[in-house]
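Enquirer: This is what each chain is made of:
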Amino acid sequence: MAKRKVNELQQDFSVARQWFSDKGWAPFPFQEDVWRAYLEEKNGLLNAPTGSGKTYALWFPCLLEWIRNNPDDWQGKRPGSLQVLWITPLRALARDLQQAMQQVCDDIGLPWTVALRTGDTSSAERQRQLKKTPECIITTPESLHLLLSQKDSSRLFRNFRALIIDEWHELLGTKRGVQVELAISRLQQINKQQPKIWAVSATIGNLEQAIEVLLGQKGAREAAIIKAAIDKKIEIASILPEEVEKFPWAGYLGIKLLPKILPIVENSQSTLLFTNTRSQTEIWYQQLMAQAPELAGLVAMHHGSLDREVRDWVENGLHEGKLKLVICTSSLDLGVDFKPVETVIQVGSPKGVARFMQRAGRSGHQPGAISRIYFLPTHSLELVEAAALKKALKEEVYESRPPLEKCIDVLLQYMVTLAIGEGFDEKSLFEAVKNTYCYRHLSREEWEWALDFITTGGGSLQEYEEFNKVDLVDGIYKVQNRRIAMRHRLSMGTIVSEPVLKIKYIGGGFIGTVEESFVSRLKMGDVFWFAGRSLQLERIKDLTVLVRKSKSNKGVVPRWAGGRLPLSTQLSKLIRQTLEEAAEGKNNEPEMKRVEPILQLQSRWSAIPDSNTLLVEHFLSREGYHLLFYPFEGRFVHELLAALVAYRISRLIPITFSMAMNDYGFELLSDTPIPYQEALEQDLFSTKNLMEDVQQSVNSTEMAKRRFREIAAIAGLVFQGYPGKPITSKHLHASSQIIFDVFGEYEPNNLLMLQARQEAMSQLQEQDRFTETINRINRQRLRLELPPRPTPFAFPIMVDRLRERLTSEKLLDRISRMQLSLEEYASKEGFLK
Amino acid sequence: MGQQLQLFPDKAIFWKEQKSLLLSDVHLGKAAHFRKAGIAVPGTIHRHDLERISNLIHQTGAERVLFLGDLFHSELNKEWWFFEEWLHTHQEVQFVLIKGNHDILPPAIYQQSRLKIAEEELILSPFILTHEPLNSKKSKKGLYNICGHIHPAIKLRGGAFQQLRLPCFYFGLHYALLPAFGKFTGFYQIKPKKEDIIFAIAEDRVLHL
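Protein sequences appear in the order of chains W and X.
Position one of the first sequence corresponds to residue 24 (my numbering), numbered consecutively onward.
Position one of the second sequence corresponds to residue 78 (my numbering), numbered consecutively onward.
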């Protein structure tokens with residue numbers, strides 16, 4: 024009986040419906056579906072793209088629940104405690120969300136406060152929140168962990184009713200996603216009200232798993248999964264070069280096509296042009312200003328290193344329709360819709376179907392409008408990708424975001440985070456951590472290692488008791504040293520960035536940030552481009568680069584490190600299929616027609632592999648002996664395959680390789696002859712001892728060492744300081760590489776070392792993908808070609824100077840063929856600055 | 078003047094005429110310094126460093142060890158007492174520290190140890206030993222500067238985009254640099270010019286490049 028009564032109340036959407044009709048809108052069916060499921064006390068996942076009204080789908084039921092439980096006085100009284108915790112991946116999104124959500128409360132006369140708690144929140148605002156608890160807090164995973172590091176965090180989180188994880192697809196599969204998992208496990212222990220948990224996710228290949236990660240297997244079975252059936256039409260067109268370069272060189276072609284976008288921009292109210300890197304954004308902006316000066320004032324740029332105020336100005340300009348074109352990076356992938364945007368241009372490979380579709384969806388918001396996206400290739404082979412993307416759209420293919428497993432670095436950081444707050448009881452924390460998806464296979468031994476690591480510093484040598492971090496006091500693990508707590512707070516988070524410097528005008532005015540490594544290559548007086556401006560370096564002071572405006576237009580463009588994204592499995596597969604179709608004359612997309620001359624040349628000198636063939640090329644050049652393989656499996660898998668193949672060949676004879684790879688294939692290069700005939704007969708891709716050999720090849724290269732950089736920073740081994748703030752404890756500085764070497768020699772079984780090897784080996788948990796690739800290759804026929812010179816497929820790989828190395832030669836033998844690199848002599852004082 | 082300097086792949090110089098071992102940038106106590114701050118690096122690194130010095134003393138029969146600065150990494154910790162004990166195991170050897178930027182222990186600590194201290198430089202003609210390289214204006218006439226501080230390494234390039242980075246001894250016009258001795262230290266890549274003399278350390282060999 025009681026249950027039925029609740030059900031009747033659940034149906035009362037009147038306040039929400041009234042609000043919609045006051046706006047002249049009506050709720051979408053999917054929104055009401057979410058309200059219903061939520062009010063039935065279900066957890067769930069809403070599958071909805073950015074800008075679909077997903078915020079109202081989840082915000083209203085939180086309010087309706089309060090109204091239902093306080094039917095008579097909901098407009099009069101305040102709960103006096105936190106009701107809703109809303110997690111979003113981006114600080115920039117948080118502000119827009121907060122405004123929209125607060126507006127709803129104000130409109131319906133609900134006296135709730137929606138507050139922001141992010142890295143941008145001032146300490147005054149934080150104090151205010153402490154005095155008068157807001158009803159809703161919108162926060163990021165990092166800031167949520169900071170809240171958990173406070174002494175009274177359980178008081179704040181005791182009673183809230185709902186936990187919403189927005190844009191969950193962005194977090195899933197990252198260490199920030201692991202932070203969310205850990206926070207949920209903690210919140211569920213603190214909060215006895217069993218708060219409802221809802222995630223919002225765009226379409227990904229593993230939606231079921233996405234919800235399982237948050238709710239566990241059982242929870243996922245009982246959860247509601249609601250799809251926003253918003254059918255948006257997407258139209259893809261490529262900007263075709265008149266003539267294709269036979270030897271594709273990444274990046275070069277893009278700018279040449281610039282004149283072709285001018286009419287597109289002209290005919291569209293507003294256009295977003297996405298590039299893959301911040302440097303590209305700068306270059307495009309600069310070139311546009313040079314080639315179409317009439318657009319000055321109507322074009323702006325947007326990327327993550329620009330000052331927040333500049334970005335706000337650009338976003339407002341977009342909303343108001345004042346900007347004709349904005350050149351941006353993924354910084355504008357998410358967030359509220361810009362209604363005037365009619366067209367999107369993607370420059371270069373988007374590397375994944377989901378990202379491409381997400382970007383396409385940023386255009387065309389009028390009812391019934393079509394999302395229009397243009398693909399602009401940066402080298403001619405990318406036209407194949409465009410054709411593959413069209414196929415993806417037709418076949419509705421989406422990537423999965425596999426969740427991460429057993430990240431020891433994030434766990435260590437989290438344990439210290441709790442220890443600087445209220446402290447923890449290790450038994451109950453172990454239980455909670457084991458309950459998360461990420462750590463479900465964490466063993467008791469590994470847990471004890473982690474406890475040991477934060478209390479005694481590991482290694483457990485009695486004479487070295489001078490370790491200060493976490494202490495065990497009356498059964499509770501706590502940090503007592505204030506400096507350690509302070510340093511931990513400053514270095515929390517899982518996004519490990521390069522050290523950056525602020526850029527300011529000499530007369531004042533902050534412009535943005537650049538990486539230290541870029542600045543270190545500049546001399547005083549040098550000119551560089553930033554934020555679309557030509558700037559002259561005046562001096563560097565207190566980690567700030569002081570500049571003045573320059574008239575020169577010959578500046579260099581900053582480079583930002585940051586991984587090159589790998590091609591997704593799905594897109595790789597589509598590319599293989601597209602190429603095969605083309606080889607058989609079955610693909611008639613205009614892109615494939617245009618790329619034909621390249622494919623013909625490739626086919627004449629070597630071959631175009633079909634899906635039953637693995638193409639291998641060998642040739643000699645001035646640089647040495649080249650052996651190339653084309654599995655078309657994406658950069659990450661190729662990195663591992665290159666190391667494996669190099670390792671297996673290096674067991675045949677003493678040899679040294681440098682390896683390069685792109686999304687299509689990989690190259691082994693040596694200055695001595697490669698015994699390729701013998702190697703290919705040996706079955707290089709054999710599954711026999713596969714994992715041992717992969718392990719060995721990872722150990723023989725720098726792959727694990729590179730992974731360790733991020734791990735060391737997250738686990739607190741390398742103190743980074745704050746972005747833009749100096750490292751305060753200089754004497755505590757040691758690079759992750761030194762620490763890696765020291766561990767390698769003195770503590771090789773340190774779990775963080777194992778994690779580095781694991782991450783390198785499974786390339787972010789893509790081990791399945793790797794094994795599948797090996798199996799696929801083993802089903803294929805190997806086709807060895809000996810082209811007279813580098814082929815169109817080989818060329819873009821060969822020119823890559825970012826190389827991995829592997830050797831089985833004696834050091835002295837190698838040195839005997841090398842030369843000291845005598846570079847320009849810096850000054851009279853020698854090489855010292 | 079014909080002084081004989083013997084270079085060891087274990088990153089030390091034996092000066093035959095003076096029967097002295099020259100080492101620089103040992104950075105003892107660095108691990109403990111990190112551990113005190115909650116950074117869990119292995120604590121045993123420096124035991125190995127001391128063993129290496131003992132081996133060099135036995136191998137060369139050195140009567141004196143000259144530390145060219147950055148012997149001990151910053152604030153006092155237990156590692157120092159272990160180092161003092163170790164000093165006593167070499168009663169027949171004299172130990173001198175030319176102070177570097179990390180050698181910031183209270184004077185009393187140095188005084189009660191067997192270590193002799195040179196605040197900035199030690200002149201043993203024809204050399205002037207310091208921690209940081211002397212600026213050519215400051216360097217004394219006729220004396221050649223031997224120092225540390227830089228942690229020098231050089232880059233070698235080969236065909237097929239190969240490259241190697243190796244720690245090295247550097248002998249330039251104005252000064253010579255020792256490689257950093259300590260295990261828990263990094264490299265700084267130097268860019269020598271043609272007339273400079275470089276000895277690279279390739280595992281257990283010292284190679285003249």
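One or more of the hints may lead you astray.
[To be verified] Below 27 Å or equal to it, Euclidean Cα-Cα: the simulated DSS-like pairs (lysine-lysine) are: (1) Lys-232/X to Lys-833/W; (2) Lys-155/W to Lys-100/W; (3) Lys-155/X to Lys-728/W; (4) Lys-46/W to Lys-250/W; (5) Lys-268/X to Lys-833/W; (6) Lys-596/W to Lys-525/W; (7) Lys-113/X to Lys-174/W; (8) Lys-256/W to Lys-100/W.
[To be verified] DEER-style ranges, computed between Cβ atoms: (9) Gly-498/W to Ile-186/X: 36 to 44 Å; (10) Gly-498/W to Thr-166/X: 27 to 35 Å; (11) Ser-146/W to Glu-272/X: 57 to 65 Å; (12) Glu-272/X to Asn-712/W: 49 to 57 Å; (13) Asp-494/W to Asn-178/X: 51 to 59 Å; (14) Leu-566/W to Gln-80/X: 39 to 47 Å; (15) Glu-272/X to Ile-563/W: 29 to 37 Å; (16) Leu-566/W to Thr-166/X: 42 to 50 Å; (17) Leu-777/W to Leu-164/X: 33 to 41 Å; (18) Asn-178/X to Lys-283/W: 41 to 49 Å; (19) Ala-123/W to Thr-121/X: 38 to 46 Å; (20) Val-579/W to Leu-220/X: 53 to 61 Å; (21) Val-579/W to Thr-166/X: 55 to 63 Å; (22) Glu-272/X to Ser-709/W: 33 to 41 Å.
[Stated by the list, open to error] A few chain X residues that don't get close to chain W, going by computed Cβ distances all over 10 Å: (23) Phe-111; (24) His-135; (25) Gln-240.
For the record, the hints were derived by calculation from the structure and aren't laboratory data.
The model shown is predicted, which means the values in this text are computed figures rather than measured ones.
Every residue, glycine too, gets a C-beta built ideally from N, C-alpha and C.
Enquirer: Take the hints in turn and mark each one as holding or not.
Expert: Results of checking the hints against the structure:
1. Restraint check for Lys-232/X and Lys-833/W: the C-alpha separation of about 17 Å stays at or below 27 Å, so the hint holds.
2. Restraint check for Lys-155/W and Lys-100/W: satisfied, since their Cα atoms lie roughly 14 Å apart, inside the 27 Å limit.
3. With a C-alpha separation of about 31 Å, the suggested pair Lys-155/X and Lys-728/W falls outside the 27 Å cut-off, and the hint is violated.
4. At roughly 24 Å between alpha-carbon atoms, Lys-46/W and Lys-250/W fall within 27 Å of each other, so this suggested pair holds.
5. For the proposed pair Lys-268/X and Lys-833/W, the alpha carbon gap of about 25 Å is at most 27 Å, so the pair holds.
6. A distance of roughly 42 Å separates the Cα atoms of Lys-596/W and Lys-525/W; the hinted pair therefore is violated under the 27 Å criterion.
7. Proximity of Lys-113/X to Lys-174/W is assessed by CA-CA distance (about 24 Å); at most 27 Å being required, the pair is judged to hold.
8. The hinted pair formed by Lys-256/W and Lys-100/W fails the criterion: a straight-line CA distance of about 46 Å is larger than 27 Å.
9. Against the hinted window of 36 to 44 Å, the Cβ-Cβ separation of Gly-498/W and Ile-186/X comes to about 39 Å, which satisfies the hint.
10. Checked against the given bound of 27 to 35 Å, the beta carbons of Gly-498/W and Thr-166/X, roughly 43 Å apart, lie outside it.
11. Distance hint check for Ser-146/W and Glu-272/X: the Cβ-Cβ separation is about 58 Å, which falls inside the suggested range of 57 to 65 Å.
12. Look at Glu-272/X against Asn-712/W: about 51 Å separates their beta carbons, and that is inside 49 to 57 Å.
13. Between Asp-494/W and Asn-178/X the Cβ separation comes to about 33 Å, which falls outside the hinted range of 51 to 59 Å.
14. Checked against the given bound of 39 to 47 Å, the beta carbons of Leu-566/W and Gln-80/X, roughly 44 Å apart, stay inside it.
15. Between Glu-272/X and Ile-563/W the beta carbons are some 32 Å apart, a value that agrees with the proposed interval 29 to 37 Å.
16. Judged by the Cβ atoms, the range 42 to 50 Å given for Leu-566/W and Thr-166/X holds: they are separated by roughly 45 Å.
17. Distance hint for Leu-777/W and Leu-164/X: a CB-CB separation of about 38 Å, consistent with the stated range 33 to 41 Å.
18. Checked against the hint of 41 to 49 Å, the C-beta distance between Asn-178/X and Lys-283/W comes to roughly 58 Å, which is inconsistent with it.
19. At about 57 Å, the beta-carbon gap between Ala-123/W and Thr-121/X misses the expected band of 38 to 46 Å.
20. Between Val-579/W and Leu-220/X the beta carbon distance is about 43 Å. The supplied range of 53 to 61 Å is therefore violated.
21. Separation of Val-579/W from Thr-166/X is about 56 Å and conforms to the stated range, judged on CB atoms against 55 to 63 Å.
22. The beta-carbon spacing between Glu-272/X and Ser-709/W, approximately 53 Å, falls outside the hinted interval of 33 to 41 Å.
23. Against the 10 Å criterion, Phe-111/X falls within the reach of chain W, whose nearest CB is about 6 Å from its own CB.
24. Every C-beta of chain W lies more than 10 Å from that of His-135/X, the closest at about 23 Å, which supports listing it as non-interface.
25. At roughly 8 Å from the closest C-beta of chain W, the C-beta of Gln-240/X falls inside 10 Å, breaking its exclusion from the interface.
Violation of the numbered hints given earlier is confined to hints 3, 6, 8, 10, 13, 18, 19, 20, 22, 23, 25; the remaining hints are satisfied by the structure.
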